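*Asks:* The lines below spell out each chain.
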Amino acid sequence: MLTNNDLITVPQAVVLIILTILEIGLLILPREVALYANSDGWILVIIGGFLVFIGSLAMSTLIRRFPGETFIEISSKVIGKFFAYAIGVVLIVHLTLATSIVIRTFAEVVNAFMLENTPREFIIISQMLLTVYLIRHGIEPTARIAEILFPILIVPIFAMYMMAIPKADFTELLPVFNTPIKSMAMGSLNTMFSFFGIEVLLMLGPYLQRPDKIYWTMFVSVGVATLIYLLVVIITFAGIGVENTKTLIWPGITIIRMITAPGRIFERLDALAMALWTIASFTTASSFYLTGAITSYHLTGAREFKFFIAILFPWIYFIAALPPNVIATETLIYVVKVVSMILGIALPFFILLLAIILKKKGGTA
Amino acid sequence: MTNIFSKLYNNKKEELYFERDMSPDKSRKLKANIDENLNIVQEYLYDCDDVITRDFYMGLTPKHKMSLMYIDGMVQMTTVQEDILKPLMLFARQFSLEHSVGEKFFDMVKEGLLTAGDLKETDNFGEVILGILSGDTVLFIDKLEKALLISTRGWEKRGVQEPSTEAVIRGPRDGFTETYRTNVALVRRRLKDPNLKVKTIKLGRHTRTDVGIMYIQGVAKPSIVDEILKRLNTIDISCVLESGYIEQMIEGDWLSPFPQLRRTERPDVVAASLVEGNVAILCDNTPFALLAPTTFLSLFQSPEDYYERWYIVSMIRILRFIAGFFALTFPALYIAMTTFHPGMLPTDLALSIAAAREGVPFSAVLESLIMVISLEVLREAGVRLPGPIGQTIGIVGGLVVGEAAVRAGIVSPIMVIVVAVNAISSFAIPNYSVAISFRLLTFVLIMLASIAGLYGIMIGLLGLTIHLVTLKSFGAHYLSPFVSFRFSESKDSLIRGPLPAMEIRPGYTRPQDLDRINDRRHDTIDKAGDERADE
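Residue numbers (the numbering used here), protein chains in the order written: chain A, 1 to 365; chain B, 1 to 535.
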């Protein structure tokens, strides 16, 4: 079936959100949950995923309440033009930052695991150009790309982690429920940050073909992302041990280093994993970049959104090239993650609450 | 694109037939005097020695002067003699004519005397000249401002033969020929459906080539048919010698390395595609028909896919996709693995590659470029040379030179294997146009792999995916059914499901009538029937 060029279908929205979420979390989530809850880390993933879904209900309800309207329009109606525009600017800055750190992290991981001597700038620029090549086609093609790349990415990742099972020691997951409630709570909150990227739905609201199915869309996407994170955390814990996981920067990739493909087709899979990683990073970066450009387009009411792709390009590059080392990148990632949850969960909740109190509703779209 | 077309054709949407030829205007009407008419025709066709004029008169007295004009070699002489000249000159003498002058005389000649099968009246020089040039015979009658165009087309032509570019093991052996009408008939013979429509237009200022579009009304989406007609009507070039001219003029994205129309030499492929909701474009003077809209998937299909049983076909299809992947990436993967990621290879293999490469003076990149380019040269040389010599080139080039190059230490034996696998894989893709564009893209990937290893290959493949995803062929997604995925369509994608299970037509053509199987008769064929047959 041919879809309207501007609208994305339910499966497309689902895969787009999943692919936006899955990225940096895959790399560092095992370490973070191990630090908070040791062998109970995998429980944090489930709780975190559940909390993210609950949190996203506010955003979903907001989109259903104002069908076909952009987030800027919705917030101008509820909290007035000035605050709406301020939020818009914050969103643009946030999405630009998010694009930058995704690309920066990717460049760092590639430098560490695949191409040691390649200049980081080359990787950043090539990845950005590829992203621009995609997003200049608009929203629906970006969703279509996600639809195509989803199985290409998920099936090999799944297969790769499955290959680690023969070497895994599942007693590492014991003991269960041994963590104090306080660190469980803190850990769950922290896990939620790994789902950063759900805020792109806020900007995609008016482009959904079936806004009435948004709860279902959100449920499936957060659910699938949680399951994949769970798989990665469990295999990483069982494969390299909880204590080792704590000391590694990117345990999600390190575990792939120790896998040998059956039949010894490949001695080491890390380069192959990095090739897949290119896909994951590319989809995430392109959806952040695209939503950034679209937010600017909504904010200014310009006729073309492509113009903003060019405007954001140098900023994304500079921010991506800015952090001097991995530690600085990690700090930046943390900031972006926290802002992401504020924008994706707290802000929509606040606006929804005000909208209910002020009895503001969307026109009959 | 669509906008431009609708703007261009806002006013003349209804018009199907455009006069852009060099033949005279249709507004120039025929005169009553036959000599005057002949003089005017001579004005146009002077110095055309192949035009034959035969003056004669009907009956016993030279009262009814007539004149035949045709081009020698483009008409069937038996028709001209038996069905035109004989009735008018001989039979007419044996009876007294009912009418001897004016309209009634003309109708008598047209309806009562000429025994030729297909004729029509005309009153202007435009049609007369075009008729003569197309192989029709024109009959001028004195004192009448009309002429008769008698269809006598017939020339030396190749018979229906087995198509050489799309051979099958199981399936019909007839292929299109260079004659438009024969080709249309070959399709019509397979689809005895009144809804099968054929619309013919003439393209090319000089060539006036017959170009026909075929579709099944009620299946093909009208907007696609209209779009193709619109695009065909924008073609205003001097000549259309092959359907390739049409393909290149109407494709949406001419920067793409991929063909956006599928070409075929086989009437059964055209018939099957028409039933799926495609539109076929047939062109005179070439055995290659075009099909639109096209998907990437259909370029990986062979007509046999639907004639064989589904297990076998499914396996072959998967093999073709693997072959396609190797045709695209194999040399690039080799370069990436050996120069950037030797750790990925099993130690034994890495050692044997290193041993084989010992003494080779070039880098892996240069080595593979040398090999891939020389292979392309060999392929090209083999195509142009006549059959037996072409095979010799293959043996000399492939075996002798390859072996010698390895012995001389210019290339490593593993490189020969890599390039050979790459080439053979590309030949396993059924569609030549795609195979060739894959071989072109191989060079791009080799370059990318030499710059950034596997990451470069991924950049290349992702870029290719973006291009394919955004590419459209006449409104249909090129990567359909993988985009806007629906489970029911997956039965005819990477695998081919059993025919009884394929209940709907593919969605990319957006057919009006989706049902492929109308009543589920296959459900009634059960095991009991087999047992009854046993008894």
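Since the hints were made in silico from the structure, they are not lab data. Just so you know, these numbers come straight off a predicted model, no measurement behind them. Careful: at least some of the hints might be erroneous.
Derived coverage of chain B by chain A (criterion: at least 3 residues anywhere in the stretch with Cβ under 8 Å from a Cβ of chain A; other residues may be distant) [what the hints assert, rightly or not]:
1. 131–142
2. 312–318
3. 378–389
4. 443–454
Interface residues of chain A toward chain B, partial, derived using beta-carbon atoms under 10 Å [unchecked claim]:
5. Trp277
6. Ala328
7. Glu330
Some chain A residues well away from chain B (every beta-carbon gap over 10 Å; in silico) [as the list claims (entries may be wrong)]:
8. Ile123
9. His137
10. Pro141
11. Ile145
12. Ala185
13. Phe266
14. Ala271
15. Ile279
16. Phe282
17. Arg303
18. Val326
19. Lys360
Each residue gets a CB set at the ideal place from its N, CA and C atoms; glycine is no exception.
*Asks:* Now, for every hint given, state plainly whether the structure supports it.
*Replies:* Structure-based check of each hint:
1. 131–142: Violated, because only 0 residues of the stretch 131–142 of chain B bring their Cβ atoms closer than 8 Å to Cβ atoms of chain A.
2. 312–318: Contact hint for the stretch 312–318 of chain B vs chain A: violated, 0 residues under 8 Å.
3. 378–389: violated (count 0)
4. 443–454: Answer holds; 3 residues pass the 8 Å Cβ test.
5. Trp277: Since the shortest Cβ distance to chain B is 9 Å, the answer is holds.
6. Ala328: violated, 23 Å
7. Glu330: violated, 23 Å
8. Ile123: Not fine: 7 Å to the nearest Cβ puts A:Ile123 too close to chain B.
9. His137: Incorrect as stated: the minimum Cβ-Cβ distance to chain B is 5 Å, not above 10 Å.
10. Pro141: Check fails; 5 Å does not lie beyond 10 Å.
11. Ile145: violated, 5 Å
12. Ala185: holds, 40 Å
13. Phe266: violated, 5 Å
14. Ala271: Non-interface label on A:Ala271 violated, nearest chain B Cβ at 4 Å vs cutoff 10 Å.
15. Ile279: Given that some Cβ of chain B is not farther than 10 Å from that of A:Ile279, nearest at about 7 Å, it is violated.
16. Phe282: violated, 6 Å
17. Arg303: Holds, because the least Cβ-Cβ distance between A:Arg303 and chain B comes to about 15 Å, which exceeds 10 Å.
18. Val326: holds, 19 Å
19. Lys360: About 35 Å separates A:Lys360 from the closest Cβ of chain B, which puts it past 10 Å; holds.
The structure shown violates the earlier hints numbered 1, 2, 3, 6, 7, 8, 9, 10, 11, 13, 14, 15, 16.
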